[in-house]
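Below are the chains, spelled out letter by letter.
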Amino acid sequence: MNDTTTSRGARWLRALAGADAQGACVRYADAPLGDETARFITVAPDPANRFPRARDNVVGLEQGWHLAKAVRDAMAEDAASGKRRPIIAIVDVKSQAYGYREEMLGIHLACASAVDAYASARLAGHPVVALIVGPAMSGAFLAHGYQANRIVALDAPGTMVHAMGKEAAARVTRRSVEDLDELGERIVPMSYSMASFAKLGLLDELIEGVDADAPSDAQIARVRDVLAQQVREARADKSGLAHRLQGESAQRTRAASIAVRKRLAQQWDAS
Amino acid sequence: MSTANQIAPGALLRESFIELSARERAAAVLDAGTFRELLGPFDRIESPWLPLQGIVCQADDGAVIARGTIDGQPAVVAAIESAFQGGSIGEVSGSKIAAALELALADCERGKIVRPVILFETGGVRLQEANLGLAVIAEIQSAIVALRAHVPVVGVIAGMVGCFGGMSLAAALCSTLVMTKQGRLGMNGPEVIEQEAGIEELDSSDRRQVWQLIGGEQRTQTGFADALVEDAVDDVRAAVRAAFAQGFPSTHRSANVDATLARLAQIDPESVTPETMRAVFAASPLKLRGENA
Chain P
15 MNDTTTSRGA
25 RWLRALAGAD
35 AQGACVRYAD
45 APLGDETARF
55 ITVAPDPANR
65 FPRARDNVVG
75 LEQGWHLAKA
85 VRDAMAEDAA
95 SGKRRPIIAI
105 VDVKSQAYGY
115 REEMLGIHLA
125 CASAVDAYAS
135 ARLAGHPVVA
145 LIVGPAMSGA
155 FLAHGYQANR
165 IVALDAPGTM
175 VHAMGKEAAA
185 RVTRRSVEDL
195 DELGERIVPM
205 SYSMASFAKL
215 GLLDELIEGV
225 DADAPSDAQI
235 ARVRDVLAQQ
245 VREARADKSG
255 LAHRLQGESA
265 QRTRAASIAV
275 RKRLAQQWDA
285 S
Chain D
22 MSTANQIAPG
32 ALLRESFIEL
42 SARERAAAVL
52 DAGTFRELLG
62 PFDRIESPWL
72 PLQGIVCQAD
82 DGAVIARGTI
92 DGQPAVVAAI
102 ESAFQGGSIG
112 EVSGSKIAAA
122 LELALADCER
132 GKIVRPVILF
142 ETGGVRLQEA
152 NLGLAVIAEI
162 QSAIVALRAH
172 VPVVGVIAGM
182 VGCFGGMSLA
192 AALCSTLVMT
202 KQGRLGMNGP
212 EVIEQEAGIE
222 ELDSSDRRQV
232 WQLIGGEQRT
242 QTGFADALVE
252 DAVDDVRAAV
262 RAAFAQGFPS
272 THRSANVDAT
282 LARLAQIDPE
292 SVTPETMRAV
302 FAASPLKLRG
312 ENA
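In the order they appear, the protein sequences are chains P and D.
The opening residue of the first sequence carries number 15 in our numbering; numbering runs sequentially from there.
The opening residue of the second sequence carries number 22 in our numbering; numbering runs sequentially from there.
With the rest of the complex left out, here is chain D (with noise of 0.2 Å):
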């Protein structure tokens, strides 16, 4: 990782990603100039739940759909917007995301392929609409598994909510994972754990733990995700490109039953830390331009 006095020259004036929304974040990673908006703010669709729970509407539902190129393929971006009831997935953005996946999908069976990229920025269901949140995202996981077959399907989780709940199981389908230092993944978020098992289980409020346990060093330092990017747009967008060069991985990580579970029978779960992990849980074998040195 950079320390201070890595950083190359220029570098504190490059683009940041995590500050843009969801919007220009789906721009930054379509080629320049072929952003085009699916279902946008003046289609309308908003939450029909929220108003029944005096909660004000978004025109967006929180999801922007964007078709466009990557490096001159066709391709379909969803990108979830954190301002918007912390990205939550209710029945609108959610079923935005799972029929964009489901679209590209049957233009792959039709021989046309389309590159499906996921912005993950979410904190999982939205409770409002509890069971839709669930039955949603249940449609996008079946979505990237069906898609997966044809292409491979890229995620960027990049900060600053993250990437939790069942959306963590969604980025966990996807065939290649770029996180930023700042990123963070995981199916329950620190606060939930400390609630759910005591503070003795994780102090929530220990940022350091925290960012040991589910930031995006760790995870691509043990695999599981494969390109750790600076928040830089330049950085996110070469990520993304070089993932669809590299096609897709020999077994997509979520389908490696018996591999992991032979690494799981060699930890120890009384002491195993963070570090003593990365002995058996290794670097995914992806090297993709853009990725910290």
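Isolated chain P (complex conformation) (with noise of 0.2 Å):
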């Protein structure tokens, strides 16, 4: 675990399922979660990748494809039989990849490709968590994990969820770094925070203690244990993403978001 010149979705890919993993710049590989068989996926660097605007570890056009040929595979190998094997998304995306040959030849599609087999496999009865243990910024995250049953995070320097990078987000809204960090103390949506992020319900578990980036066994083992918890509780879970409206956190600040659903209930239907 000390192979500096990988990344930390790649790292931890490897801490959980082991050496053999297929793909490039999607890597996966099935290993043993609690009593069962899950799917592993990771966005990894690849820096012979066909897309000069797509080798870092971000989602362009091959890897929302093959993101989604990861997951569909999975789909089609467990549809015969009774078993839906989790799909784990590890999530360490810095963005989507920013380029003309990107928009072009459909970037938004491939991502959405992403999004509609991880959805997809959720629908079909696959419990999906996303384990973050890094950036997991605007697109990339909705290609990769967003569409997950469960989310949880590590606690530590890196990990992060936003709509923006903090230097893009300060250019546009013509505010410091410093201002963005202020504003996020305030305005709980804006923060760029774990914390933060679960106080928005939107987080199921906030794993402290592990080093991200060179865990011990004992880390690993910790974290093991949190996914195959999830997977327990997201099979048992038929809401689907309503799940994240439901806690405590999210009845106090989406607030709103829960207005919304009720009052659009209510006049659903002419009287």
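Keep in mind the hints are simulated off the structure, nothing from the lab.
Hints should not be assumed to be uniformly reliable.
[Claimed, not checked] Capping the alpha-carbon separation at 27 Å, the derived lysine-lysine pairs in DSS-like fashion look like this:
(1) D/K202 x P/K276
(2) P/K252 x D/K133
(3) P/K83 x P/K108
(4) P/K213 x P/K180
(5) P/K276 x P/K252
(6) P/K213 x P/K108
[Claimed, not checked] Facing chain D, according to a computed beta carbon distance under 7 Å, are these residues of chain P, among others:
(7) G113
(8) M118
(9) C125
(10) A133
(11) G153
(12) K213
(13) L216
(14) V274
(15) R275
(16) W282
C-beta atoms are modelled at their ideal positions from N, C-alpha and C, and glycine is treated no differently.
Mind assembling these two chains? They're in different frames, but the hints should get you there.
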């Protein structure tokens, strides 16, 4: 686990699923989790990628479609049998790929294919759990992780969820990075911290005391236990993404989301 | 595409769809006289986050939800208002769209089919509501995928804002996408690409290059959208009706994984252009009324 040439996502894939992962920009492997076999998937740097704007751990054209393939292949293999294997998205994605060729060739559809696959897997009964070990940014997180039944994260430097990178957000909103941090303290959805993300009811567990870059065997075992527990809960819960609005945190910070659904339901059928 | 000398007589008198507000657009898509707005301005569910940042709210938060019928069948339209915060998706506007789709899904699951239409006009996440904007977009996407199993979900990108960010993924999940020549569909706006990747990657001030890249004509020619219509109320209405009459595509675009990976493999990233990619990414086989010949 001291390999510094690779990414956190790739290291956690190896820690949780062994060294025999398939794929290049999207790497995946099947490995034991609890008393069953799960599919672990991550997006990894791919210095030889044909698309120069997508060689880092970002979601580009090939990443999007290969995420969809890694998920759908597992679904297809399980379709005939009664079992629905858990799918674990190991999230360490800096951004979507920004490029001319990416737009031309439909990066929006590539990312949508991954959304479609993860959502379809969840709807088909596969427990889907996202494990955030690094940045979970914007469109890349939508494509890889945000359709999960359950979201957990390491409480470690470098893990964050946001709609836009800090520097870019500062430019667009004409604020300094310091101002953005201050704003995040006051306005929960603006914050980059995992603790704030949890306040929105979107995080199921913040895993403390784990070295995200060089975890010990005991720490890896603890993360594995958390994942197995979340898989069990996800399997028993048929509420889908509505789960995110059911917790205490959501009652407080997402009161508007809940009110919209309630009032819209009341008005749905003409009286 | 039309050139000036091909415009049909009387075309200039036709009512523009683009110039309509979100509310007018929703009414225009529904059968005449059936528009009934849900959670309208008088319900006053506004963004809880904008006032904290000194920004004036709008009573509908920039999303209009309307029930009615389309060709006599129950329908729901979600229309995004570009005049408020650029059509950006905040907690309330996004939850309105997600909730409308979830309610349509619940009806469909009970055997009552509701035809869903989304009128996109958005730059994506509202940055002032950052993580909640992103969260509700994930919920919209989930609802589209679930609903699509029961009834085609029809999207329209008319212009002038276009459809970007996380909502471009939502558009890509739709069963059928209708665009005008003035509509643009992309994940990252041209300015964002220039900012992130440099002007040598894309000059966002080069309007011709941008339209060739992500404009409605290119998107329909290459199968990322299904129907190209004139900016006319009648044509948008006709295309939406044709989409429901046509029903489901054989495979949803976003589920066509192996075929699209095979197409990508044929592309040479070094040399590909919006013109040459048309040899690999062909127009959708759907032929809808209202389409530009």
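Structure-based check of each hint:
1. D/K202 x P/K276: Roughly 38 Å separates the two Cα atoms, so the pair is violated.
2. P/K252 x D/K133: 21 Å, holds
3. P/K83 x P/K108: Judged against 27 Å, a Cα distance of about 21 Å means the pair holds.
4. P/K213 x P/K180: Holds: P/K213 and P/K180 sit about 20 Å apart, inside 27 Å.
5. P/K276 x P/K252: 20 Å, holds
6. P/K213 x P/K108: Within the cut-off at roughly 22 Å; holds.
7. G113: Hint on P/G113: holds, closest Cβ of chain D at ~6 Å, below 7 Å.
8. M118: 6 Å, holds
9. C125: For P/C125, the interface hint holds, since the closest Cβ of chain D sits about 5 Å away, which is under 7 Å.
10. A133: Interface hint status for P/A133: holds (4 Å vs cutoff 7 Å).
11. G153: Since chain D brings a Cβ to about 6 Å from P/G153, closer than 7 Å, the hint holds.
12. K213: This interface hint is violated because 10 Å lies over the 7 Å limit.
13. L216: 6 Å, holds
14. V274: 4 Å, holds
15. R275: 4 Å, holds
16. W282: Check passed: Cβ of P/W282 comes within 5 Å of chain D, closer than 7 Å.
In the structure shown, a violation is registered for the earlier hints numbered 1 and 12, in ascending order.
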